[in-house]
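Peer 1: Go ahead and model the full structure; you've got the sequences and the hints to work with.
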Amino acid sequence: MPELVIIADDLTGALDAAAPFRDVPGGVAVATRTDALAAALQSGAGVVSVSTRSREIAADEARARVGAVLAALPRG
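For the sequence shown, the residue numbers in my numbering are 1 to 76.
Misleading hints may appear alongside valid ones.
Pair by pair, the computed Cβ-Cβ distance ranges are [what the hints assert, rightly or not]: (1) Arg22 / Ala64: 29 to 35 Å; (2) Ala72 / Asp10: 15 to 21 Å; (3) Val24 / Glu56: 26 to 32 Å.
By construction, these hints were calculated from the structure, which means they are not laboratory data. Cβ coordinates follow ideal geometry from the N, Cα and C atoms, glycine included.
Peer 2: What follows is the structure, given as structure tokens:
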């Protein structure tokens, strides 16, 4: 499991936020959609960044997407 998970509202944010961590052990995995998060979490990357693609959608849908990401994260 990664040491850090970054939740971004779009792909640019996910990539920009992850870039400083490119040299961490295991590297960085970027999930371009929330349905790709499980694979990124299992990839062995030290940092996972996920785009919720929620920047230009209604607040309720954005909240649901972020909630789905949070629910998919391992506890502890």
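Peer 1: If a hint holds in the structure, say so; if it does not, say that too.
Peer 2: A quick look at each hint next to the structure:
no.: 1; hint: Arg22 / Ala64: 29 to 35 Å; result: holds (30 Å)
no.: 2; hint: Ala72 / Asp10: 15 to 21 Å; result: holds (19 Å)
no.: 3; hint: Val24 / Glu56: 26 to 32 Å; result: holds (31 Å)
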